[in-house]
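**Student:** Residue-level listing of the chains:
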Amino acid sequence: GAVVSQHPSRVICKSGTSVKIECRSLDFQATTMFWYRQFPKQSLMLMATSNEGSKATYEQGVEKDKFLINHASLTLSTLTVTSAHPEDSSFYICSAGGQIEQYFGPGTRLTVT
Amino acid sequence: AQSVTQLGSHVSVSEGALVLLRCNYSSSVPPYLFWYVQYPNQGLQLLLKYTSAATLVKGINGFEAEFKKSETSFHLTKPSAHMSDAAEYFCAVSDNQGGKLIFGQGTELSVKP
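Protein chains in written order, with the numbering used here: chain A, 212 to 324; chain B, 254 to 366.
These are computed hints drawn from the structure, not numbers from a lab.
The model shown is predicted, which means the values in this text are computed figures rather than measured ones.
Have a look at the derived ranges for each label pair, beta carbon to beta carbon: (1) A:251 with B:256: 20 to 26 Å; (2) A:239 with B:306: 20 to 26 Å; (3) B:256 with A:239: 28 to 34 Å; (4) B:281 with A:239: 28 to 34 Å; (5) A:237 with B:292: 18 to 24 Å; (6) A:296 with B:324: 42 to 48 Å; (7) B:313 with A:242: 23 to 29 Å.
Every residue, glycine too, gets a C-beta built ideally from N, C-alpha and C.
Isolated chain B, as found in the complex (with noise of 0.2 Å):
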């Protein structure tokens, strides 16, 4: 079985400071992990995705994200936070690329001026 777990459901930060969205894993075979932004009441669009290739991925909109096996962990970044940036956040699993994705709990990402 997999799962997810986000720490975290609200995080706030000023803009031009560091974003850092926690995302734990777990899975039983190699996982494939993915990040995805939610605006309000619209669907999901892919910020950036691991696929056991690099683990430092490379996103849209700044974000990267590294795939830490030791840790079981794919935590989100960004190094200047803007306020369009303020939305909510998934982390998913799935065991394979296309197939179906086990969701963490979404943080909401704040933005201050």
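Bound conformation, chain A alone (with noise of 0.2 Å):
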């Protein structure tokens, strides 16, 4: 089946430093990918949809200098939070879009102190 994976699994970072997540689809090629965040007890919140060769869609109250989403292959997309604060602590959760459903990464836990 679809793999998609994530790395890193877990991250730990200062306040106002800055974290590069990728989210890669391991055995197929994706030309959409999707990011979402989720707090804890939460639903996923749709962040943005990477498209490869452009620029991502974000969602209404996603900003879009802080959340910085590259697609530069049909394998690989990354989410890099600038300037994190600890407000931005949270899971993070990619998915690439297959033809007939969308597999998802293992997540990403980011902890800024």
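Take the two lone chains and join them into the complex the hints point to.
**Tutor:** The following block contains the structure:
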């Protein structure tokens, strides 16, 4: 089956620094990838839709200058949280859109101290 | 616009009892509907999906769901709960099979011995 990986699985960074999260589709090409954010005991909220070779489409309320998304190839999308603050601490999940369903990565736990 | 409402943030059943998790949706176009399961600190696993074929959909681990257009519902059931079913369950809607997903609030299922 289709596999999506994320790296790192956990990251701790200091307030004010930036952190990059990678999302890879391992055995298929994904024109579209999605980034979700999940706070503890809450649902997944779509942050942005990432299309290979073009600018990401951000959902309302998501700061595009803070959450930089790059989709440089058909198997890799990256999310960079710039100037991270403690309120950015969350579980970030990516997914890759296949023809018949989305395939989810295992998630990245970001903790900003 | 599309939306999903899951009735009951927490459901508790005894092992061997019927599991019923409720999901109602709103969509201005024919919906694609999904149920996902999430174990702690993990990504999402697809249980089943409705893609306009059969209204009764069978999924993995003995789960099934029935699409009822007149009730705008897509409830998830399992005849006999197992301890390993304890997890968070999310209902989601999309306007296409590989497109962005709108998630419900999630229902935490507890299974008592």
